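Chains as they are written, first to last, in numbering that gives the first Met the number 0: chain G, 0 to 330; chain C, 0 to 330.
Just to be clear, a hint being listed does not mean it is correct.
A pair counts as met if it fits within one copy or between any two copies, since identical chains are not told apart.
Said to hold, decoys possible - Think about it this way: if two alpha-carbon atoms lie no more than 25 Å apart in a straight line, the pair counts; the simulated SDA-like pairs of lysine to any residue are:
| # | residue 1 | residue 2 |
| --- | --- | --- |
| 1 | Lys267 | Gly324 |
| 2 | Lys32 | Asn46 |
| 3 | Lys262 | Asp293 |
| 4 | Lys277 | Glu319 |
| 5 | Lys176 | Lys192 |
| 6 | Lys267 | Ala9 |
| 7 | Lys267 | Arg294 |
| 8 | Lys191 | Glu203 |
| 9 | Lys32 | Lys191 |
| 10 | Lys123 | Val283 |
| 11 | Lys108 | Arg206 |
| 12 | Lys43 | Arg320 |
| 13 | Lys123 | Leu105 |
| 14 | Lys222 | Leu273 |
| 15 | Lys88 | Pro135 |
| 16 | Lys49 | Gly302 |
| 17 | Lys305 | Pro226 |
| 18 | Lys123 | Arg206 |
| 19 | Lys7 | Ser281 |
| 20 | Lys108 | Pro135 |
| 21 | Lys222 | Asn189 |
| 22 | Lys192 | Asn219 |
| 23 | Lys49 | Glu133 |
| 24 | Lys123 | Arg101 |
| 25 | Lys305 | Arg206 |
| 26 | Lys222 | Thr82 |
| 27 | Lys267 | Gly190 |
Source of the hints: derived by calculation from the structure; they are not laboratory data.
Here the structure is a predicted model, which means the values were calculated and not measured.
Protein chains: 2
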Amino acid sequence: MKSSMRPKGAVEAEIVRLLKGAGSFVSGEALSKGIGVSRTAVWKHINALKKSGYNIEALTAKGYRIAPPYPFNDIEVASGITTGFVGRKVFFFERTDSTNRRAFELGLKGEGEGTAVIADAQDKGRGRIGRIWESPGNVNLYTSVILRPLIAPREAHELTFVMAIAVAETVAGFSGKRPTVKWPNDILINGKKAAGILLEMDSEPDRVHFVVGGIGVNLNMRKKDFPPAIREIATSLFEETGVEIDRASFARGLYSSMELWYKIYLDKGFQAVLEAWKGWFSSVGSTVRVTSFDRVLEGVCVGVDKDGALLVRTPSGNVERVISGDVDTTG
Amino acid sequence: MKSSMRPKGAVEAEIVRLLKGAGSFVSGEALSKGIGVSRTAVWKHINALKKSGYNIEALTAKGYRIAPPYPFNDIEVASGITTGFVGRKVFFFERTDSTNRRAFELGLKGEGEGTAVIADAQDKGRGRIGRIWESPGNVNLYTSVILRPLIAPREAHELTFVMAIAVAETVAGFSGKRPTVKWPNDILINGKKAAGILLEMDSEPDRVHFVVGGIGVNLNMRKKDFPPAIREIATSLFEETGVEIDRASFARGLYSSMELWYKIYLDKGFQAVLEAWKGWFSSVGSTVRVTSFDRVLEGVCVGVDKDGALLVRTPSGNVERVISGDVDTTG
């Protein structure tokens, strides 16, 4: 395979992967053979990697050695990625208004399924219903992925469940804690919000053009850095475990899980996804208050129906079906 | 009212309206008083109008006189517009890829409800399901309007019916012919397609951010200029009536009708719209073939249900409900 045939940055990512795997010096010749590019190309890519913030030592007799800390960028995410399409192409921003906005624009320009946007920091990170998503740099993961399922807009909420499972699974894998999902798509650890999902789409009334799944995960943010208003209801993986999470590794894990569950959704349908989602859902039996744009509903959560709508038994004994809104568990 | 408080182009539009209304010379002083700006400002705006393609004669003793032909631009559309918000702000392009694309981008940037885009010609005019919409310059109307109803994506198709009524009404008013609507939103004259509608939206799964309603109307296009593939199934108002249609007037009429029916939709709900739409719908009793992305259905159209879904009685006697697809009347 010629380097010209690879996606941009793929050779750099491969060099990083080989150097990390070796743990010590690797000769330019070994890299050249291992990757299938000339030694001159290796040298050029090594220089590019240094400019990208990698700490690579070069010794004439021994070759190259990489050492932490590693930067957080598209090369780092690509290095060792195992997915077929999700996150295989990443647009990385040090800072942007919103990864969902960037991904949406890329979607409008025709970017393919699986293309992802990552930002180290967001100036206008958004949550559902126009809310702000706190997005400082250096600590968390903010990423948005373009998907192009052949579905109608009325089915698009099903992808919310796909995303929620992917986030919950990845959080569980990296934290060792079992998160829960608050309907429809907040991910909590010990009852505090650690991650959120914002799905947006471009569609005709009967056909989705593309969906952008935006995910924000509080990875290494410290409690003191949360705004006072959410300090007691939000958390991060670091706060819950005391362990720093490698953001690029987390992104790769998330993309793998997302691809897996998206394929299950396409192959087996929404019911298979919903059954798995229920395994992370913890509100059944709780007292909930649901705020939608036209009403507030209080009652006991009795589950979800086959469409994923929340079922709430009100004090009158009726079971109400909620397809949209914000849920607070009040007891 | 100071001119600085008016939208860009509003004074020019007012001058054009007054000059057209007078039919002869109007003094600079009369314009100055009539509009409430200085005579110097009138003089500057007249010069701007000349640059915009207006044919304005100035005689020292008599003032200003306007004469046809009038250009097709944002000033011409604004001149005499009577709506409250639809089309009150127009982004006009001599040529663009697609008015829906431009309006979508404007929507993402936060442009308000009613803002419209018009292009004299489109390079990538689009119809439903990714089809091409023939969009030569100088002859037709291509416009897209941003709406921000507080609805869920599953309700967005209802706006298709709002748009269809608006287009049908305006076509009827300008052509003197009674058009019919092919489900859900093609407008036909004598059975041939004269206008089409493409609705797109930006949304979360449970909440529409905005809808872009794109409308293409074949006004003055000649039969010989249609591509051979559609020459026998498409038509224009000119071909059906022999009369040239003023595009700016048509746009103003369309915006008025759209605003009216959009308000009815918001105030009285979809059923009121659907009832009016049925008055333009002509397929009941016809044999139809419906092509959707997962099936082809043939049968007799027996109407639409309360959601606007097409009802088709198949040869087996079952009545199938169609929410998406392309309908051909075959008998």
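| request: Would you list, in rising numerical order, the hints stated earlier that this structure does not obey? | output: Result: hints 6, 9, 10, 12, 14, 16, 17, 19, 23, 26, 27 break, sorted rising.
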